[in-house]
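> As you go down the protein sequences, you meet chains W and D in turn.
Everything in the first sequence is counted per our numbering, starting at 41 for the first residue and increasing by one.
Everything in the second sequence is counted per our numbering, starting at 41 for the first residue and increasing by one.
Since the hints were made in silico from the structure, they are not lab data.
Hints may contain errors.
Copies of the same chain look alike in the list, so a pair counts if it works inside one copy or between any two.
As the list claims (entries may be wrong) - With a Cα cut of at most 27 Å, we get these calculated DSS-like pairs of lysine-lysine:
hint, residue 1, residue 2
1, Lys214, Lys120
2, Lys159, Lys214
3, Lys145, Lys159
4, Lys229, Lys145
5, Lys169, Lys150
Number of protein chains: 2
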Amino acid sequence: YEDDPNKRTTIATEVNVLKNFRPQLPDHYRDADILFLANIDPELQEDILAQMSNPRLVAMDTMNYWIQTRAASLLNVLNKVDVFFANDEEVRMLTDELNLITAGKRLLEKGPSLVVIKKGEHGALLLSKDFVFVAPAYPSEAVLDPTGAGDSFGGGFLGYLDNVESYAEGDIRKAAVYGSVLASFTIEKFGIDRLESLSSEEIENRFAEFQKLVSF
Amino acid sequence: YEDDPNKRTTIATEVNVLKNFRPQLPDHYRDADILFLANIDPELQEDILAQMSNPRLVAMDTMNYWIQTRAASLLNVLNKVDVFFANDEEVRMLTDELNLITAGKRLLEKGPSLVVIKKGEHGALLLSKDFVFVAPAYPSEAVLDPTGAGDSFGGGFLGYLDNVESYAEGDIRKAAVYGSVLASFTIEKFGIDRLESLSSEEIENRFAEFQKLVSF
Numbered sequence: 041y042e043d044d045p046n047k048r049t050t051i052a053t054e055v056n057v058l059k060n061f062r063p064q065l066p067d068h069y070r071d072a073d074i075l076f077l078a079n080i081d082p083e084l085q086e087d088i089l090a091q092m093s094n095p096r097l098v099a100m101d102t103m104n105y106w107i108q109t110r111a112a113s114l115l116n117v118l119n120k121v122d123v124f125f126a127n128d129e130e131v132r133m134l135t136d137e138l139n140l141i142t143a144g145k146r147l148l149e150k151g152p153s154l155v156v157i158k159k160g161e162h163g164a165l166l167l168s169k170d171f172v173f174v175a176p177a178y179p180s181e182a183v184l185d186p187t188g189a190g191d192s193f194g195g196g197f198l199g200y201l202d203n204v205e206s207y208a209e210g211d212i213r214k215a216a217v218y219g220s221v222l223a224s225f226t227i228e229k230f231g232i233d234r235l236e237s238l239s240s241e242e243i244e245n246r247f248a249e250f251q252k253l254v255s256f
Numbered sequence: 041y042e043d044d045p046n047k048r049t050t051i052a053t054e055v056n057v058l059k060n061f062r063p064q065l066p067d068h069y070r071d072a073d074i075l076f077l078a079n080i081d082p083e084l085q086e087d088i089l090a091q092m093s094n095p096r097l098v099a100m101d102t103m104n105y106w107i108q109t110r111a112a113s114l115l116n117v118l119n120k121v122d123v124f125f126a127n128d129e130e131v132r133m134l135t136d137e138l139n140l141i142t143a144g145k146r147l148l149e150k151g152p153s154l155v156v157i158k159k160g161e162h163g164a165l166l167l168s169k170d171f172v173f174v175a176p177a178y179p180s181e182a183v184l185d186p187t188g189a190g191d192s193f194g195g196g197f198l199g200y201l202d203n204v205e206s207y208a209e210g211d212i213r214k215a216a217v218y219g220s221v222l223a224s225f226t227i228e229k230f231g232i233d234r235l236e237s238l239s240s241e242e243i244e245n246r247f248a249e250f251q252k253l254v255s256f
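Working from the sequences, and respecting the hints, build out all of it.
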């Protein structure tokens, strides 16, 4: 863009907008039961959390960039949430531990009561002080684009909990499977194309397939 | 060893011994119900298979080296076995397919009725024409040395089937979990140290832990 002063101005404006990005929650969002702090700057995550009146469950996600550049802020938010979603690479980076169980236990000491380690095609590992749960990924040939699998997992997980209005261990386990179910559909098409055409019946059928997948 | 003609002779002798290595099964081995062709040259695997009278179940393992250097011989043995054990990397190399389900289906077309894809810390994926089963790995902090995990899995798997004398789907699933159980103990110490001190009760307790690990 060196030769185009107009484009340079546009980019400078965009950076400025991002710098000044301070999301304000609409009033009717503030009394939600469940808050999902998806992957953004941990300082913004904390800002948003402070705008909530009294959520029953707070979950957060993050990424390698914030772990490398905002570790202190990230740990600050982590201390205030109930559920921490991260992939295996992020968990290892954040704790400097190779063993995922050891890493997960370290993270439980930082505040959350549940750590959900997302392992892509290998499923997810859930750790709390009381239990460990392994949720498989759906073994599918119909994988078109894995983008959004982690976010769909988080959405399916929290959507199920919101639906049953329970955070009991049995529901946490089921929530993880619904997360895997939603992720397995998302990756079958680009973007949210597959989710747009998805029926409740398809979700329940795949949930039943997960049951068969792991039963012995 | 260039400066030591004695050592050179020793190595030449060893290579010669390996070249002439043609295992002969003792007579009382030949009527075994189950044959496990562990990872050696596929031509030797076929030799050994030919020495058996009438095994009810034949399993084989292999490695990247034979896939690269003896693909034709390997496929020849594969066509004669019931169970094929391989890790995810080997399965992809042998089929030139990235997707493990697609790769597993390709291998089912090559002869075996069951393909067991070992994924190390991510567990194992079993495929037959009738079912898919995901056996988790035991999430353990006590991992000292993963050497031998795959062979322990194979041993536990086939040992269970030998014990129950059944190859029904339900027993195949349980066998995979017993394989994971045995592998999870093996990696807690070096060599076979952990297996030497292992009790049936410990095995059954861990099997029960696997049940809790995946139940939802």
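> Cα distance capped at 27 Å. Does Lys229 pair with Lys145 within a copy, between copies, both, or neither?
Classified as between; 22 Å across copies, 35 Å inside a copy.
> Within a copy, between copies, both or neither: where do Lys169 and Lys150 come within 27 Å Cα-Cα?
Intra 12 Å, inter 46 Å, cutoff 27 Å: intra-copy only.
> Is the C-alpha distance from Lys145 to Lys159 at most 27 Å within one copy, between copies, in both cases, or in neither?
So Lys145 and Lys159 pass the 27 Å test inside a copy (17 Å) and across (23 Å) alike.
> One pair to classify: Lys214 and Lys120, alpha carbons no more than 27 Å apart. Within, between, both, or neither?
within (24 Å within a copy, 41 Å between copies)
> Between Lys159 and Lys214, at a C-alpha cutoff of 27 Å, which is it: within one copy, between copies, both, or neither?
both (18 Å within a copy, 24 Å between copies)
Of the numbered hints listed earlier, not one is contradicted by the structure.
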